[in-house]
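Engineer: Listed here are the chains, written in short residue letters.
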Amino acid sequence: MSVITDNSASASSGRGVRDEMVAFVIMAALLATVPFTGIYPFFVMQALCFALFACAFNLLIGYGGLLSFGHAMFLGTAGYFTAHALKVWGVSPELGIVIGTAGACALSVVTGWISIRRQGIYFAMITLALSQLVFFVYLQTPFTHGEDGIQGIPQGMLFGLFDLSKPTILYYVILVAFLLAFLLIFRTINSPFGEVLKAIRENEPRAVSLGYKADQYKLMAFILSGTLSGLAGSLKVFVAQNASLTDVHWTMSGEIVLMALIGGLGTVFGPVVGAFIIVAMQQYLAGFGQWVTVIQGAIFVICVLTFRRGIVGEIAALFKRSL
Amino acid sequence: MNKKISALMLGTALALAVGTGAFAGDKVVKIGVLNDMSGLYADLAGPGSVIAAHMAIEDSGLTKKGWTIDVVSADHQNKPDVGVNIARQWIDVDKVDVLADVPTSSVALAVSNLVKEKNSIMLNSGAGSSDLTNKSCTPNTIHWTYDTYTLAHGTGTALTKSGGNTWFFLTADYAFGAALERDTTAAVEAAGGKVVGAVKHPLNTADFSSFLLQAQASKAKVIGLANAGGDTVNAIKQAAEFGITTGGQKLASLLMFISDVHALGLQTAKGLNLTETFYWDLNDGTRAWSKRFQDRMKNHAMPTMVQAGVYSSLLHYFKALDQLGENPHDGAKMVAKMKTMPTDDPIFGKGSIEPNGRVIHPAYLFEVKSPAESKGPWDYYKLVATIPANEAFTPLDKSTCPLLKK
Amino acid sequence: MVDVKTAPNASAASGTAKAAPGAALLEIRDLQAWYGESHVLHGINFDVRTGEVVTLLGRNGAGKTSTLKSIMGMIAKRTGSVRFDGQELIKMHSDKIARLGIAICPEERGIFSSLNVHENLMLPPTVRSGGLSVEQIFDLFPNLKERLSSSQGTKLSGGEQQMLAIARILRTGARFLMLDEPTEGLAPVIIQQIGRTIQRLKSEGFTILLVEQNFRFASTVADRFFIVEHGKVIDGFANSELQANMEKLHTYLGV
Amino acid sequence: MQALYAQLLVGLINGSFYALLSLGLAVIFGMLNIINFAHGALYMMGAFCAYFLLNIFGLNYWYALIIAPIVVGIFGMVLERTLLKQLAGLDHLYGLLLTFGIALIIQGVFQNYFGSSGLPYAIPPQLQGGMNLGFMFLPVYRGWVVVFSLVVCIATWYLIERTRLGAYLRAATENPNLVRAFGINVPRMITLTYGLGIGLAALAGVLSAPINQVRPLMGADLIIVVFAVVVIGGMGSIMGSIITGFALGVIEGLTKYFYPEASNTVVFVLMVLVLLVKPTGLTGRAT
Amino acid sequence: MADEFILETHGLTKEFAGFLAVRDVNLKIRRGSIHALIGPNGAGKTTCFNLLTKFLQPTAGRIVYNGKDITSMAPADVARLGLVRSFQISAVFPHLTALENVRVALQRQHGDSFDFWRSKSVLDRFNPRARELLDDVGLSEFADTQAVEMPYGRKRALEIATTLALDPEMMLLDEPMAGMGHEDIDKIAALIKRISAKYTILMVEHNLNVVANLSDVITVLTRGKVLAEGVYADLTKDERVKEAYLGAGHG
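Residue numbers (the working numbering), protein chains in the order written: chain R, 9 to 331; chain E, 69 to 474; chain L, 3 to 257; chain C, 788 to 1074; chain U, 4 to 254.
Excised from the complex, chain R in its bound form (with noise of 0.2 Å):
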């Protein structure tokens, strides 16, 4: 059993978990003040969605000890299948997101049941290569239409009473379920179920001994992920109105794993500071053309040859805390 990363390896003892509920008030009140800050408010809902993304992603390595190299199928999937409910179907945007959702959660149990059978670099080559066959059945399927997406998705009143077309009321709303999702993520790693897992990733074989099925619990962190990782696609197509191949391309699978390694495998809060890190770079760097990736490889390489515990791993480390 492969662990890729130590940050997640410090017990979150009671004083860990105080720490990380103060962090978590600070952004929280940080991330409510935007609208009022000038800040383009559309910027930070695109950067909070790839957030919960990539602490969905996060849950699987950094706790499960499984890399996932296939995960924007997920993301894809929901974005897809919330898009065409809205759009096709006319369903209220809660409905929208819990069908999303919910065929994530689906594609999550069948291929995290096939691809768990293996596990380090096989499991990433198996999901990397589900992900391009999911990938290839929607550029097929008539419903995602392809190359051209599904464009111009009405947002809707959420419950019926908060316009989701104003941006300020979009905002908080995205804001809010990324807030819960976080602390769904949060408690799970301090769970009873979380504490399998951990010693799952760090003595799988004792596990076993003592009578752990491991392969169960390595599923249920997969469809967990995988589940949260549709949420988080299904609330983009809010944010950008349409649902396209990119969310569910392999290079998109590699922003996310980009994201937690950045940010700090392993730890609560690194994937949120990655996923700003790198959407706020793709935006500000957009005029200097395919040097993003080439700044991307380089982000990469340095992170794993210098840096594996990411920023906020470092940060932690530097003060002896679990953040």
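What the hints contain is simulated information worked out from the structure, not anything from laboratory work. Do not rely on the hints blindly, as some may be mistaken.
Stated by the list, open to error - Pulled a few chain C residues facing chain R out of the computed Cβ check, cut under 7 Å:
| # | residue |
| --- | --- |
| 1 | 873 |
| 2 | 879 |
| 3 | 885 |
| 4 | 888 |
| 5 | 892 |
| 6 | 899 |
| 7 | 1011 |
| 8 | 1015 |
| 9 | 1051 |
| 10 | 1052 |
| 11 | 1058 |
| 12 | 1059 |
| 13 | 1062 |
As the list claims (entries may be wrong) - Using 30 Å as the maximum straight-line C-alpha spacing, the simulated DSS-like pairs for lysine-lysine come out as follows:
| # | chain 1 | residue 1 | chain 2 | residue 2 |
| --- | --- | --- | --- | --- |
| 14 | R | 174 | E | 184 |
| 15 | E | 262 | E | 437 |
| 16 | R | 328 | L | 79 |
| 17 | R | 95 | E | 163 |
| 18 | U | 71 | C | 1065 |
As the list claims (entries may be wrong) - Far from chain L by the CB rule (all over 10 Å, computed), these chain U residues:
| # | residue |
| --- | --- |
| 19 | 8 |
| 20 | 14 |
| 21 | 16 |
| 22 | 26 |
| 23 | 33 |
| 24 | 74 |
| 25 | 76 |
| 26 | 146 |
| 27 | 154 |
| 28 | 172 |
| 29 | 202 |
| 30 | 219 |
| 31 | 232 |
Just so you know, these numbers come straight off a predicted model, no measurement behind them. Glycine residues also receive a C-beta, built at the ideal position from the N, C-alpha and C atoms.
Given the structure of chain R, go ahead and fit chains E, L, C and U onto it with the hints provided.
Structural biologist: What follows is chains E, L, C and U alone, placed relative to chain R:
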């Protein structure tokens, strides 16, 4: 390099952007050239369209009248989501007034939705789908240069009438390909021909061999290439390799630009029929303008009809601005104004803008010269027929544009 | 057999393994080694003289194999001093060390399953002249010759694998051999054959450092013994003193 | 019927690329325990190398066939010495991430300078044209690709399975420490092995240039299919990689004939089926 | 359930690529006894052990535990039947505290280990029992220490405490004294003796002194086969055992 620096500064300005609200009535205009800067359509649109935009600004003479006109550009990578993202940011943050060019129909259709929502303007030159002025028309979009109807009724009708009465399509798998296949099918059938099959291929395909083999197996007399740019070039080359053309089947490159002919070389491209609405060597006006353009291009390429369309559409926009005397920053209003004015420039000649946003002007059926016939660089076409403006585009009574139902 | 008159007492505390007359081919002083974070050798001291057979005894996990691997340079993190024929090896990589004429026959034999018998035999490159010719090797291990065409090295019986593992390092010209538990899991008749082989190698002038748990066997070939416990050499005596040290051996080795 | 043969030929050509690439991956994985994500990018570099040789130095296809694998192989060896080497002792997944990063850098640099559409590379004059075999039309160049890659695959197999150098390589794959203790410079062997694997990728790139155009992203999607091939075949044996590579190409070709819609996905579907029946792959050892 | 033998094997065989590591082994472990499996290095003890706990699948033969054929069961299921093993290299969860190590085992029996929505503070109810178990093996002062920081001998004790937390019927200990000093050996031996009052124990051990003192029955393996079985006193008189275990001399 300048472009990159300005794009960067623009980016940094982003975070500081504040909701100052729309200016009402000033002499500031911002043009955004949104197209494929690095991919398979980079040669037919790309940086050349930016040059065309700058030429339009110069020729409008507005700067001398106290106007401030900026041009920004970006690469949409032929991805609708990327294109919409850039466009949204341009409109929201950078206060871009006009989106110009926007090739790749899927991107164009997506941006068209956004432009309508934000009451901005799209002057489309690069995209082909006739849907832009039919079921997807908006009061904020004008479609210049050409569309799939033009191509279908130029090349499709001509080839069918000259004996190519069974067709097989190789179709690029996105909005443009589908529209071109649909419109050409209609034209072929109207001319008494029959479509025996079609296969879709992904955008930006390198190896066409297995698609070409399917086309070959269909025994159709004409293999219609409902794709564009690099895809068309590859398909034509490989058709030769698999002995398809020597086997008696004819290739119809439904959309082909002079840049593609240049890439193929006359030896491979000779004899191909194609439909365009602009060729540099049509008349004195086109020759003069094209020469200026060519001098500015790094690789000294002649303009394509898409680049010419960017120039022409912006020039018309500036004329409208000039008449108004100030920029109202109101997309629908500007477009309405533009529709009331006849188009007239040295490139496309005299024409008009229909209520559905379609610009009407003549189109031309060309045949590619053989190397022996060519008298020099870029001397590639001989004119076969001129298609009058009223036949080159969807007749207004057949347009499905909802704007017309009022 | 060499008659060891003076019993050298290797004392870990003083770090002076008394050298008897005769040049020390290998001198080890305060050798420490780590596997990652785990400290496995805590200061090994002993000498091996040219032409003798020295046996390291000790319980599982005492550090015998780690000692051999450290000499060979196969454990990256190590400190102290290992001098071979006057050269310091402590900073060398194992391929350099091998080229000085040291060869190892590892525990569990290290026969490569993806190589056939012939390839296994011919694998180690010749490091210096003076190695045994293939004919001499077949003379030493007659049954190897018959199995030469066998497809996979690991399809051989345990005894044959052990023969092959020894045979392949005789070819190379190395004159200092380290054998790690060559009798492990083998039938008595094979063990006897290996014993005879070692004696013959000794008579040919090879110097041998042996790791064994089977001290009955070791007593048939060794000149001297050193006992390893907790990563240190804690005692040493000549073969002639074996009986006198039986009691101690039982305590140390737990047998 | 003619179409079936023709599609089989196209399948064999794709199979050639799968085989050459998965062979390289398997060789590298054996020695370095790294799944080389940069393999596709280096394959692309092979094609670009051929393009540069022709357009800058005027050296034709035949020179490229020899020079490109060497040049790109040396580039690979530099990568190994400077970057990959530092991963010794770390989780294998870091190798995957590092080589992924390297792939992004290489592809990004080429995209910057050459855009994302293809640069033409002509079929060498000696191999132009085609033959009408009666049952099908065979473009000479495509036939050449199949035969030549088969020869290269067999030669590589022979090198590894039948020569002394190959014996070192196999032994070092099993137990590098012991092989080094026999006096063989294993780190240098690792570097050379990486060079060999990369050289095979670059060779595939040269072969592919006249067929697929020279494009910065030509290897990016291909490498994912090759990953699936590797999962199907397992990385246990050299011959296994070769056979699964060609076989999957042929299966893909058949699919193009009988059910074209599934031709993009058939390899991945097969991967799923193999995983369900035999998780270690067809020729793989348990990991 | 009142079978005399808790664990039996019939013709247990394991082949690795042409090499028979374990051949035709028939074991019968009496309920409530301490049974030792000894033999020289390479005799197949650990392979045998891995077969019994299903970490390896036998090539041939059957394993019957408590009258139930477990030959084709998964290792986690075997553990759930109360047949729990330890490992040769100490098996703890290095970055969990000693208390958490034991708690992971306690948690398994109580069925909420898939609950990802609850706080792990629900696990606090296991703390008293976990402390009790740590007391039992003399680890009270290490309760809040991460396992990785504990001395080697203490890790073995922790491993035994974790195993005991499952309240197994039978424990399989793989060289519990490997790599230990004399002091630790005595402590662990005393611990094993004490817990043997409640559990059946099968241990693989190299240290004959320990085996002599602890075990009721000893099975000697050599080269994958059972050579002899009996009590220590008898075996030490057996020439074959001497030869196999202590080594064959000649001359």
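Engineer: The structure should be examined with respect to each hint, and the outcome stated for every one.
Structural biologist: Quick rundown of the hints versus the structure:
1. With a least beta-carbon distance of about 6 Å to chain R, the hint placing residue 873 of chain C at the interface is held under the 7 Å criterion.
2. Nearest Cβ of chain R to the Cβ of residue 879 of chain C: about 5 Å, under the 7 Å cut. The hint holds.
3. For residue 885 of chain C, the shortest C-beta to C-beta distance to chain R is roughly 4 Å, which falls under 7 Å, so the interface hint holds.
4. Hint on residue 888 of chain C holds. Least Cβ distance to chain R is approximately 3 Å, under the 7 Å limit.
5. For the restraint placing residue 892 of chain C at the interface with chain R, the shortest Cβ-Cβ distance is roughly 4 Å, inside the 7 Å limit, so the hint holds.
6. Proximity of residue 899 of chain C to chain R holds as hinted, the smallest CB-CB distance being about 5 Å (cut-off 7 Å).
7. For residue 1011 of chain C, the interface hint holds, since its Cβ comes within 7 Å of a Cβ in chain R; the closest pair sits about 5 Å apart.
8. Because the closest C-beta pair between residue 1015 of chain C and chain R is about 4 Å apart, less than 7 Å, the hint holds.
9. At a threshold of 7 Å, the smallest CB-CB gap from residue 1051 of chain C to chain R is about 4 Å, leaving the interface hint in force.
10. The criterion of a C-beta within 7 Å of any C-beta in chain R is met by residue 1052 of chain C, whose closest approach is roughly 5 Å, and the hint holds.
11. Because the beta carbon of residue 1058 of chain C sits about 6 Å from the nearest beta carbon in chain R, less than 7 Å, this interface hint is met.
12. Because the closest C-beta pair between residue 1059 of chain C and chain R is about 6 Å apart, less than 7 Å, the hint holds.
13. Here the hint on residue 1062 of chain C is kept, as its CB sits about 6 Å from the closest CB of chain R, short of 7 Å.
14. Between the alpha carbons of residue 174 of chain R and residue 184 of chain E the distance comes to roughly 16 Å, so the proposed pair stays at or under 30 Å and holds.
15. For the given pair, residue 262 of chain E sits about 29 Å from residue 437 of chain E by alpha-carbon distance, which is consistent with the 30 Å threshold.
16. For a cut-off of 30 Å, the pair hint linking residue 328 of chain R to residue 79 of chain L stands: about 28 Å separates their Cα positions.
17. Simply put, residue 95 of chain R and residue 163 of chain E have alpha-carbon atoms about 29 Å apart, close enough for the 30 Å limit, and the pair holds.
18. Only pairs whose Cα atoms come within 30 Å are accepted, and residue 71 of chain U paired with residue 1065 of chain C is accepted, the gap being roughly 28 Å.
19. Residue-level check passed: residue 8 of chain U sits 28 Å from the nearest beta carbon of chain L, beyond 10 Å.
20. Every beta carbon of chain L lies more than 10 Å from that of residue 14 of chain U, the smallest distance being close to 21 Å; the non-interface claim holds.
21. No Cβ of chain L approaches the Cβ of residue 16 of chain U within 10 Å, the least distance being about 16 Å, so the stated non-interface status holds.
22. For residue 26 of chain U, the condition that its CB be more than 10 Å from all CB atoms of chain L holds, with the nearest at approximately 13 Å.
23. Residue-level check passed: residue 33 of chain U sits 25 Å from the nearest beta carbon of chain L, beyond 10 Å.
24. Even its closest Cβ contact with chain L, about 26 Å, leaves residue 74 of chain U beyond 10 Å, as expected for a residue assigned away from the interface.
25. The beta carbon of residue 76 of chain U sits about 29 Å from the closest Cβ of chain L, which is more than 10 Å, so the claim that it is off the interface holds.
26. No beta-carbon of chain L is positioned within 10 Å of the beta-carbon of residue 146 of chain U; the least distance is around 24 Å.
27. The claim that residue 154 of chain U is not at the interface with chain L holds, since no C-beta of that chain comes within 10 Å of its own (minimum 13 Å).
28. Once the 10 Å rule is applied to beta carbons, residue 172 of chain U is consistent with being away from chain L; the minimum gap is 29 Å.
29. The claim that residue 202 of chain U lies off the interface holds: its Cβ sits roughly 24 Å from the closest Cβ of chain L, which is beyond the 10 Å cut-off.
30. Under the 10 Å C-beta cut-off, the non-interface status given to residue 219 of chain U relative to chain L holds; the minimum distance is some 19 Å.
31. Distance to chain L confirms residue 232 of chain U as a non-interface residue, since its nearest Cβ pair spans about 19 Å, more than 10 Å.
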